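So the sequences go chain by chain: A and B. Going by this note's numbering, the final residue of the first sequence carries number 308, and the count climbs one at a time with no gaps. Going by this note's numbering, the final residue of the second sequence carries number 380, and the count climbs one at a time with no gaps.
Rather than coming from a laboratory, the hints here were simulated on the basis of the structure. Keep in mind that this is a model prediction, so the values were computed, not measured. Incorrect hints may appear among the rest.
[To be verified] Examples of chain B residues toward chain A, derived with CB under 7 Å:
1) 174
2) 299
3) 339
4) 370
[What the hints assert, rightly or not] Cut-off 16 Å, straight-line C-alpha distance, at most; resulting in silico cross-link-like pairs (EDC-like, lysine to aspartate or glutamate):
5) B:274 with A:250
6) B:274 with A:233
7) B:274 with A:251
8) B:274 with A:272
Glycine included, every Cβ here is placed at the ideal spot set by N, Cα and C.
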Amino acid sequence: MSRAFWQVIVYVDMPLIEIRNLRHVYRAGTADAVMALDGISLTVGRGEFVAIVGGNGSGKSTLAKHLNALLLPTDGEVLVDGMNTRDRAVLWEIRQRVGMVFQNPDNQLVATVVEEDVAFGPENLGLPSAEILARVDEALRVVEMVSYRRHEPHLLSGGQKQRVAIAGILAMRPQCLVLDEATTMLDPQGQREVMETIQRLNRDGVTVIHITHAMEEAVQCPRVIVLADGRVAMDGPPAEVFSRVEELERFRLVLPPIPALAHRLRRDGLPIPEGILFVEELAGALARLVAEGAGRGRVGDGAH
Amino acid sequence: MALIECRHLTHVYLKGTPLEAVALQDVTLSIEAGEFVGLIGPTGSGKSTLIQHLNALLRPTGGEVRVAGINPADARADVKTLRQQVGLVFQYPEHQLFEETVYDDVAYGPRNLGLTEDQVRERVGESLALVGVDPGRFGRRSPFSLSGGEMRRVAIAGVLAMRPRVLVLDEPAAGLDPKGKEEILGQIRTLHEAQGLTVLLVTHSMDEAAQLVKRLVVLARGQIVMDGPVREIFRRAQDLTALGLGVPAITALMLRLRSAGMAVTPDVLTVDEARAAIGKVLQWN
């Protein structure tokens with residue numbers, strides 16, 4: 005069902021990112037050659053919010069680096085807004101459309117003051133200073149860091165640093181934001197801040213591709229792509245992907261506690277619907293069971 | 096006497112300067128040999144400062160610390176022995192790998208102790224086995240050719256090769272994929288259970304704490320705000336939420352079910368326990 009749904013989007017709208025049979029081999033032609041991507045084909049439409057998950061070494065970061073031509077295909081094609089990443093003439097246009105946020109909050113900020121860091125990109129575009137100022141203001145507002153504009157980046161928390169890094173990219177007015185494990189090194193508070201920020205950006209129309217190890221984050225994304233051994237192993241809504249428990253295990257992924265419990269209860273024979281992801285959903289399903297069971301007199305009070 | 100004793104421990108960074116910052120304030124904590132303790136708290140709560148006192152990387156600016164009876168503040172304190180007793184595994188310990196082979200990296204500490212090469216070999220084999228890395232298969236490989244999870248296990252083996260009595264781990268599962276997380280945490284549990292090692296686990300994850308530790312110490316703004324059996328701590332959902340910590344997802348579900356009128360037991364920590372508790376209430380066959 006999900007596949008047909010995504011195809012509709014493809015026909016309605018030219019995809020922002022189109023990947024055709026992408027292969028990437030590191031150290032190609034040597035004895036140490038490693039096939040990192042092995043025939044990836046997928047499209048991401050404008051305004052989508054996609055999680056990419058997969059075990060260590062599944063090819064996630066390699067794929068991310070193809071999305072703004074930091075890497076070029078060994079085979080196959082990557083098109084960004086119709087532009088081929090192999091075409092050097094459009095390199096900077098591609099990079100302006102797709103911005104990347106990396107894992108380590110400590111090595112992405114270049115300036116000594118927050119607002120100067122955010123201005124770095126637009127300055128390099130050679131924009132007039134009024135325009136730069138306007139972009140910096142807007143970007144800091146979107147990531148809710150305006151009150152820190154004159155702070156020194158190294159004194160910020162990890163979550164705040166990542167928000168400044170995101171602002172620096174937003175100031176380039178990209179159409180797509182790629183986060184390569186941008187929440188991995190953050191504490192729970194920082195993770196929440198970044199998730200909320202990218203959700204807000206997505207509501208404003210920015211396409212978001214969020215690479216993460218945190219299944220709790222992936223369940224919040226409308227589309228989840230699972231990579232394994234350099235291939236797309238699953239692609240669909242989280243409720244569908246996270247119901248395929250045995251396959252996920254094989255791909256070095258583990259269900260978050262709530263879907264895991266729902267799965268166990270179903271296996272125990274409880275009529276709990278498939279696709280449960282959140283505490284409220286499972287609590288609701290169990291409460292309904294209790295209500296129904298009470299009618300049939302098979303519910304105890306748990307006292308013994 | 097407890098293995099680790101902190102009495103009224105205070106640490107002030109850059110004391111007497113305009114940048115003075117109180118990181119720990121009047122922390123009193125004792126950990127007995129054989130305990131498995133979790134240390135949790137928001138960023139900036141003093142967790143890293145506290146663990147650096149446990150092997151004398153930092154010295155108290157007030158109060159005192161004793162590990163295995165040794166007080167590093169004593170003029171004649173045997174700090175070398177103290178550091179051998181407390182194995183500190185920092186965040187992303189694989190960044191500290193440096194030797195050309197896995198074997199040499201793990202052997203670095205024991206060699207510095209002046210052990211014979213036979214003794215070194217024994218320790219390397221034993222430590223790698225403890226973290227589930229086959230010395231025969233991996234010993235000659237470069238540590239940099241390993242996966243992230245394998246590198247981390249080799250780094251922990253390097254600490255275990257010193258045969259510490261206490262293992263202090265700062266976010267040992269950070270950055271690993273979900274399966275890698277399970278593996279490393281399982282290995283730590285085994286070290287505690289099979290070797291009787293005392294473990295202090297610093298974590299941000301309530302779910303991790305729920306699955307592993309028996310006792311939880313909660314740090315906030317440089318002070319211990321909660322200390323007790325993990326089940327009792329997680330009953331204080333509101334207090335934890337106020338600290339920005341929250342409760343594990345399973346605990347949140349149980350609290351939710353109770354407020355909806357289901358008589359499930361509240362102090363449930365794992366998926367298996369939750370399954371049993373829900374089964375009891377629904378009484379299916």
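Against the structure, the hints:
no.	hint	verdict
1	174	violated, 30 Å
2	299	holds, 5 Å
3	339	holds, 5 Å
4	370	holds, 5 Å
5	B:274 with A:250	holds, 13 Å
6	B:274 with A:233	holds, 15 Å
7	B:274 with A:251	holds, 13 Å
8	B:274 with A:272	violated, 24 Å
The structure shown violates the earlier hints numbered 1 and 8.
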